[in-house]
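Enquirer: Kindly produce the complete structure, drawing on both the sequences and the hints.
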Amino acid sequence: MMMNVGDEWEKEGGGIDGSGKMNGKRGMDGGGGMDEADEWMMMREMDGGGGWRVLLFVSSPDNEPVENLTIYTVNPTTPGTTPVVRRDKLVEIFPNWTTADPHDAVPVKRVYLYSATLTLQQTPPSGSHIRLTAFQEKRVGQLTCCFRRHGSDTITSPAHIVHSLADPDNINDQREVFAVVYQCHVPFSPLELTGARVTVTPDPACPVEDNNYIPVYTPEVVKGGLAICGKVAFGSLLDPLKLVEWFEMQKLLGVDKIQILDFGNPENVTRVFKYYQNTGLLSIFPYKLPGRPWGRGFTDETRVLYQLNQDEDFPILECRLRLAGYEYVMGIDMDEIILPRNELSLKPCFQQIFGENPVLAAAFFHVQFFVEEFGPEDKDAPLHVLRYLKSTPARWECQKYTYIPARTNQGTTHSVSPYPGFYTTRIASDKAVIHHYRKCPHVWPTCTPTTITDRSITRFKTDLVPRVRPSVPETTSVPRNSPLVEIFPNWTTADPHDVVPVKRVYLYSATLTLHQTPPNGSHIRLTAFQEKRVGQLTCCLRGHGSDTVTSPAHIVHSLANPDNINDQREVFAVVYQCHVPFSPLDLTGARVTVTPDPACPVEDNYYIPVYTPEVVKGGLAICGKVAFGSLLDPLKLVEWFEMQRLLVVDKIQILDFGNPENVSRVFKYYQNTGLLSIFPYKLPGRPWGRGFTDETRVLYQLNQDEDFPILECRLRLAGYEYVMGIDMDEIILPRNELSLKPFLQQIFGDDPVLAAAYFYVQFFVEEFGPEDKDAPLHVLRYLRSTPARWECYKYTYIPARTNQGTTHGVSPYPGFDTTVIESDKAVIHHYRKCPHVWPTCTPTTITDRSITRFQTDLVPRVKDVLSKIGFYATVTSPAPIVHSLDDPEKVNDGRQVFAVVYQCHVPFSPLELTGARVTVTPDPACPVEDNCYIPVYTPEVVKGGLAICGKIAFGSLLDPLKLVEWFEMQRLLGVDKIQILDFGNPENVSRVFKYYQTLGLLSFYPYKLPGFPWGRGFTDETRVLYQLPQDENFALFECRLRLAGYDYVMGIDMDEIILPRNSKSLKPLFQEILSQSSELAAAYFYVQFFVEEFGPEDKDAPLHVLRYLRSTPARWECYKYTYIPARTNQGTTHSVSPYPGFDTTVVPSATAVLHHYRKCPHVWPTCTPVHITDRSIARFQRVLVPRVRDVLKTLKL
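Just so you know, the sequence shown maps onto residues 1 to 1197 in UniProt numbering.
You may find that some hints are simply not true.
As a list, the in silico BS3-like pairs of lysine-lysine whose alpha-carbon atoms are at most 27 Å apart [as the list claims (entries may be wrong)]:
no., residue 1, residue 2
1, Lys431, Lys390
2, Lys242, Lys379
3, Lys668, Lys682
4, Lys288, Lys274
5, Lys636, Lys379
6, Lys1008, Lys1099
7, Lys288, Lys994
8, Lys347, Lys223
9, Lys461, Lys274
10, Lys242, Lys461
11, Lys400, Lys242
12, Lys1064, Lys1008
13, Lys994, Lys1008
14, Lys741, Lys825
15, Lys1099, Lys994
16, Lys251, Lys379
17, Lys863, Lys773
18, Lys943, Lys89
19, Lys390, Lys532
Pair by pair, the computed Cβ-Cβ distance ranges are [as the list claims (entries may be wrong)]:
no., residue 1, residue 2, range
20, Asp262, Tyr813, 46 to 56 Å
21, Thr99, Pro1148, 47 to 57 Å
22, Leu702, Asp380, 35 to 45 Å
I should point out that these hints are in silico values taken from the structure, not numbers from a laboratory.
Cβ coordinates follow ideal geometry from the N, Cα and C atoms, glycine included.
Expert: Shown next as structure tokens:
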């Protein structure tokens, strides 16, 4: 059978096999999982006594009956889940902003606080003003400032918005979040604000916790100072070499400070920023984009145009406050330079401009575009700005400015607003101009405008070139072919675009050796990657209170020869050894590095601490190599860790290459117990950006990358008696003992020269199928394996007798040996998928139950850990189907997938379900991963509310103008909510939906059609007739649950209007009809077809519904209905099924009728039936026409 949840509906070739395990491209244990953004809500029925109803498609290949499912619900107080705070307003402090859909169980308006700054201008007569930059959602309402300083009580004052880029109280504004500045007045002088903290709150009481407050920043006052507001830095398009030119050019022009918000940049760009941050020139602060639309950014793919000015200009609000103490501030980007025509510095130029006019607040500058497509004027010039000298003439396009903070209120990208009494001016292009270096703007009609050659920047060449070249951080300052030593984690993992070739050594750790020690002093070994033919390095050791000691750094182990020029590998895993004249006891606090230079580094950050391994007599450790990626199953991991503990393993060491949150949670648990030592890991050097997955690994480099952790294990685990080299899907199992230590003592104790023992392997392959489907753990279910094979063998070694190892082999010290352990004594159990190198996955298999002797101890230990981690605290109940359009158990039904509603009962009240998550499973055990669960939605209760279930919106046939008419007509008729599922629509239609979604009228959810037939849809070309009722009516299931809190729900399409004959509102009509009997659940309506082929009655009328007034008489054809959710079980397109004891009625056409606006139905034998002229809708014309026009104007339709 197949079970699919939300967006993880099955693609062809995957599903749940007979064992109940997911397979295919996006199966749950294959790393796919449901995206947070694609999760489908499961809904609790309002009138079901706390029960839940769940919407899922269930498919049955070959029409086999589907076995009974069990449903699981996560207790909202379970560790590892985050309950949603049931409140309507929430203040979030940066960096803990919500940037992905939180799936709020109840609507929450959020305020996202970023920073707080003391104002230096427009100060009050007493006390001080503090301004807070923030994003806020629409119509948040009044907030209160809460101010706290050391040794005083919390003080409150109103929080006034003193600047916003758009009105957050404008309900018709389609923006989702708004950049604002709040102002708070406090009764303290600036000098009394040291250590003060502030926040805003919607509540009557201030927060108690310190983490709800942010510190108040006091801007630095720099007399005559010149600063740049550089806005936002993001993405891979920033060129680090051009950036260095830009920074150095600004320094030459006399700039004192540059402020930038960092939205995430490549490592080589970050290195440039770090350099200028260390010089004091750059202030850089992290930045995120909170709120809806979730996950937006600044690239062409991620930016949201209507939201962009809020996102881009927020950093300008931040600059205005933090840079208020400077004399002048320039608002330019990192590809722009304001260049004076005559001066070599900007300050004299600005002093001349502003000094002559005491009421001048800001000056705007013309722009010359130095476009790369114009070609270089001087191809051999050493810098970009010296090569590209062709530009447009000065243009008044994308103008920028310089302002005086003391005279300026606020700014945006291209403009500023002065304080009252001040003004702005334009600077003539013969005095100063902006040089804008860029690609051709896509908005230009052609990229061949008139150009000039402007060499004015070349007058800076003599000073600029030497400053740029040594300023490229950690690259061009290194002589050609001289190696650069990098300390973990600051390794270069992406192309640094070195101006000159640089060889690199990547130091990871330093460890005191416990074996093969020298007769005097000590040996320290350093693990590292190095590039090819680095040459001789020197060890530098620095002890506490002692001089630096040097010695040669010899390579004592490498996985390949780094001096072999013909080796295609790019970087090599090596171990350096340094001899130092100190005993181990004297090395406490020592730090070490290697260098190619004759002198040791001075800075402490070039040195790494020396680790002394723990000596554990009789201890047993595992070197687990590297943990990475989404293929690790946290449930299987817990089984593996607990199995190793039962076998009396004392320590496990792993390098962490990045793992999902649920896997990291397992690692964190065992790290806290002391069993696991886990260290971060990267892959430096070429090929850049490689990893360990099939898509990112580089085969010729792989043995270096995989075996580096073994070098690290050999040193750190040297104090243990025995070390096993196995992965996290392997268990060395003795045949007779319950613990490994007695077994290993027996093997090695009898032979004083035995260094290591190799073990045969049995492959327990999932494709062999489970032997015991009902067993509670994976290792107890999968008991079928190959016989013991000499394939992918692994080992256990004694560190005191072993030099080094790789994944499948060890090299003993001279005089020591290895052996092979017979498979009847011990064997490796390897649990995995079928190896792709096997010619077939049907080898001879055996059933090996030897691990089941651990079942009594293992099962409760695993369950206990899963509960502690928060994976397993679940409540279960059966998942019966309470509604389906057809019987999914019927073998002869030609349909492939069935729309169904499952219901489960949980022992919690509705108020206890905040933050709860639920799923269904065919397995005896609940899924572990959070992404297998979906949140539970609580329907909004709207007393007297009227809603529409609009089913599905799809395709190019929807007319956005008619849609606006339809929405506005429904609003006039008193509709409160409309729900639609979105199957993909053109941009102009989506714009209409977005508008009404913003108003709160429309609830709009994405929709797909899963299962066979694959790729079907709703158009004439893609729909599958026998499957169509399932696909169309699924949307009605969804409406029935989500709209359960409304008094009345209409089941109509977006070309239909239920029109009362005598009233202008629907609610009084429905109250009159449905209150006639307490047993009445639904009312059906006759239909009049207003068919376009009948022709317009009034060609000059401004709206479609006012032009097309010719219709059929009222007919009992394609009738629709209105129902009361509390009395109705379920519905389809044309009918509803009441709960027992309730009934339906038909409304006479003289009372109300359904207007259906459409083309001629293809099922009619002719499109010339008897028709009438019905002008009843014209009574709405006076109100409807201006409302529609206003919306169309707003939407630019």
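Enquirer: If a hint holds in the structure, say so; if it does not, say that too.
Expert: Verification of the supplied hints:
1. Lys431 <-> Lys390: 19 Å, holds
2. Lys242 <-> Lys379: 16 Å, holds
3. Lys668 <-> Lys682: 19 Å, holds
4. Lys288 <-> Lys274: With Cα atoms ~19 Å apart, Lys288 and Lys274 stay inside 27 Å; holds.
5. Lys636 <-> Lys379: 60 Å, violated
6. Lys1008 <-> Lys1099: 39 Å, violated
7. Lys288 <-> Lys994: The hint holds at about 23 Å.
8. Lys347 <-> Lys223: Distance of about 12 Å is within 27 Å: holds.
9. Lys461 <-> Lys274: Given that 27 Å is the threshold and the Cα spacing comes to 25 Å, the pair holds.
10. Lys242 <-> Lys461: Distance of about 15 Å is within 27 Å: holds.
11. Lys400 <-> Lys242: Roughly 20 Å between the alpha carbons, so the hint for Lys400 and Lys242 holds.
12. Lys1064 <-> Lys1008: Answer violated: Lys1064 to Lys1008 is near 37 Å, above 27 Å.
13. Lys994 <-> Lys1008: At roughly 19 Å apart (the allowed maximum being 27 Å), Lys1008 and Lys994 satisfy the hint.
14. Lys741 <-> Lys825: Roughly 14 Å separates the two Cα atoms, so the pair holds.
15. Lys1099 <-> Lys994: Since the Cα atoms of Lys1099 and Lys994 sit roughly 30 Å apart, the hinted pair is violated (cutoff 27 Å).
16. Lys251 <-> Lys379: OK: Lys251 and Lys379 at ~25 Å, within 27 Å.
17. Lys863 <-> Lys773: 18 Å, holds
18. Lys943 <-> Lys89: 22 Å, holds
19. Lys390 <-> Lys532: With a Cα-Cα distance of about 42 Å, the restraint between Lys390 and Lys532 is violated, given a limit of 27 Å.
20. Asp262 <-> Tyr813: 46 to 56 Å: 50 Å, holds
21. Thr99 <-> Pro1148: 47 to 57 Å: 54 Å, holds
22. Leu702 <-> Asp380: 35 to 45 Å: Holds, at about 42 Å.
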